[in-house]
Amino acid sequence: MLDGFAVGFLEILQLATLVTMFVGVVAGIVASAIPGFTITMAIVLTLPLTFYMPPVQGIATMLGVYVGGLTGGMISAALLGIPGTPSAVATTFDAYPMARKGDPGRALGIGIFASFFGTLISIIVLVLAAPPLAIVAIGLGPWEYFSLIVFAMTVIASLVGRSVVRGLIAGLIGIFLATIGSDPMMNSPRFTFDLAMLSTGLPFLAVLIGVYAVSQLLGEVEEMRSDSGTGEALIEERIVFRPLPYLMDTIRRPVNLIRSSLVGVFIGAVPGAGSSIANLVAYDQARRASTDPDSFGTGVPEGVVASESGNSSTAGGGLIPMIALGIPGSAVDAVLMASLMVHGIAVGPRLMVDNPEIVYSIFVGLFIGALLMLLITLSSMRYFLMVTKIPKHIIIPAVLVFCAVGVFALNNRVADIHLLFFVGVLGYVMKKMDYPLAPLVLGVILGPIAETNLRRALSISEDLTLFITRPVSAAFLALAVISLVVFLRHRMRPRAGVGADS
Amino acid sequence: MSDSHSDNASGRSDRPEDYALQPKAIAGDSALLQFAFNLLMLLAFAYLFWEAMALPESRWEPLGAGTFPRIVLGLLMFLNVVMIIQTARQALSELRYGPRALFDVALRTTLEFRLVFSVLGAFALFLLLIRPLGFLIAAFLFAFGVQLLLGPRTWRNLVISAIIALVLSVGLQVLFAQVLHVFLPRGPFS
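Line by line, the protein sequences give chains A and B.
Per this note's numbering, the very first residue in the first sequence carries number 84; after that it's consecutive.
Per this note's numbering, the very first residue in the second sequence carries number 19; after that it's consecutive.
Next comes chain B alone, as it looks inside the complex:
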């Protein structure tokens, strides 16, 4: 948290914006990122609003299927515009650091979050593999892999991880089948 990036690209040493160069700060603290996020939301909601225009009217009631979503999306667009106006000035001042510094921040943030991205990737893979491999195998691989990823790289942890992954995958499958009569996807191997 301490290694703040002192040589900012534009050579300015103004006080208020230097947190922009601290990737460790919560992402929510960078005005530029907030600005981009709100802009993205604004575009998405505008698209959905346009999509909602096509929803059918009703003969039986004054509001059709589309009115309520249009109200909600309209409010969302308005609030995002408010946020964009609020953050615009700060976001622009962060832009002054130039692309290099910003790229640096982005890179360091990515590195900072690499564990999160790895776990997220593993989770996505697990969810996608449930159908083709069956729950048992997919859950075992996921639980085993993530424990190794996050835990200490020792032989002891390897063994413990394997045992826990086995108990977890088999245990859940049996528990759900026997007690709750929910049959988790079995896959081709069982």
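Just chain A, with the same shape it has in the complex:
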């Protein structure tokens, strides 16, 4: 294990990698500081740029964007009272009042350190949990794998959005979209309708950018009528920054820090649930555990610590199932998986055995990303505030252009750009009709894995009962049924949906 880390550090600590990671962290902070632009969108748009890097550098850069993004949402949350991303919603509850009371530096400082320690704790759990889990997972046969994916998809579908059935429909649409193109075993074309555009299938990147960037931007256009932007609630005072006291402020609350981080790790590891849920749950848990729950919401440091460590720790959590099982914990992890797949690296339990250098580089990359985030935010937080002032009428067309370029960069095909349009419209319509998009994206990535395993299982033996007589497979299927039943019952009582993407 130690030499694994040595390899990881050697891979990451190269000038080119550090430079692109630095840029990635800055880009992540900037992107998520802008209200309406999510972390997923930032990562999706980074993906095409990383095709041209070696795999380790590419994934390290995206981890930088991820870690930066999980922190950046806090800037506008604390100073403007507007969450920069859905994962910073709970941060507005206490960081904003604290800033309003005249201590914006403290709100940001505590948030930064809480994010840093949250990421750190999540890395520790990741390093401890992923390798043993992968060893167990290697023993899984195609039956177990298929059942595991069925279970993962039901959890994803049930957790996000407001209706379990719509979640399932979205997930299945994703799985269906992935069947377009040639089939994974026989290479016979499916659903291509003799269109050249579809002959190689839907490029995963077009789906990602269409669903997460284009449809999201269209949603932003829609909001442009109602509010003319930010700025009114801006804190004009000079932000005073005293790192050491803020560090003490944060680590003097170890129970809160560790509890919130573990909440984040756990929620991050559950497929489909991510930072947008974790920050709310962590905040809620901290309030319940507090001796003075009524003070929450008035600008107490506990609230900031809980929310920011809760969302940042999902980074490590989401990577656990991705590294150990090849099942992404969130849309962001799906993008990371896609970037490895572009380089021809198969992601699954064998990743640990076949490409240990990649796995250790991910561990180290996450750590270095967190360090860079700390350095960058502490030294230049003030400047990031300026990006929240860039008007949307400039950002929207610019990012749309970038979407087109990004999709083109994968295969150098103009047809892919045209596909992007249709996927973007599909994503937008589904979002308007209240269908969650995260299950769709995870369906696209998990569908082919499910099909391959199902067909492999039946080629070994045509006996369908093996799915329920092999104990592990049966357990996963039972869990799938249980989770559906539980969620269907739970959701009978209507309640506000939690954020759909991270």
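If you're looking for bench data, these hints aren't it; they were derived computationally from the structure.
Quick reminder that beta carbons are idealized off the backbone N, C-alpha and C, glycines included.
Careful: at least some of the hints might be erroneous.
[Claimed, not checked] Stretches of chain B that chain A covers, calculated by requiring three or more beta carbons in the stretch to come under 8 angstroms of a beta carbon on chain A:
(1) 76 to 82
(2) 86 to 92
(3) 127 to 134
(4) 141 to 151
(5) 194 to 206
Model the placement of chain B on the given structure of chain A, informed by the hints.
Only chain B this time, still in chain A's reference frame:
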């Protein structure tokens, strides 16, 4: 959001359905629209299912190319039927408002979303023009046009928009060519 349409066509003033006449509510809230959407999906998936029946079987394995898509499409059809049954009653009650009121809602929704449709149209045009005009010109026109569409109509914005569009289109082309060796479509003019 406040201007709810009070004189509904059928003259009924029942409480539960009046949100149907508020086009500002999320589209997902209208049962009729949901009903239509699910019906449309059901038809589409049924067609694709029929299409999947023609996919080849395999001699080497029990499942051919078509079985898995048929399972997925079958489930999709089933779930859409579930949704249709769930929303049918409400959808019918929304229908009682009569065609005029519904048309009104549709019209107002369209007006509400006209900016989205305009941007979407511009985006489609941009994507279609990348090949014939080249990336540089198409991206410039798109970025410039949409900034003017969404931003304030002032001389200052006109100038800023032009500069940003220029930097964006030239910048991306150069960045991708120089750093990543991706050559964006050049078109006939360069």
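Verification of the supplied hints:
A count of 6 residues in the stretch 76 to 82 of chain B with a Cβ less than 8 angstroms from any Cβ of chain A is obtained; the coverage claim is therefore met, three being the minimum. Requiring three or more residues with a Cβ within less than 8 angstroms of a Cβ of chain A, the coverage given for the stretch 86 to 92 of chain B holds, as 4 such residues are present. Counting residues of the stretch 127 to 134 of chain B whose CB falls under 8 angstroms from any CB of chain A gives 3; the rule of at least 3 is met. For the stretch 141 to 151 of chain B, the proposed coverage by chain A is satisfied: 7 residues have a C-beta within less than 8 angstroms of a C-beta in that chain, meeting the threshold of three.
Chain A is given as covering the stretch 194 to 206 of chain B, and this holds because 8 residues of the stretch bring a CB closer than 8 angstroms to a CB of that chain, at least three being needed.
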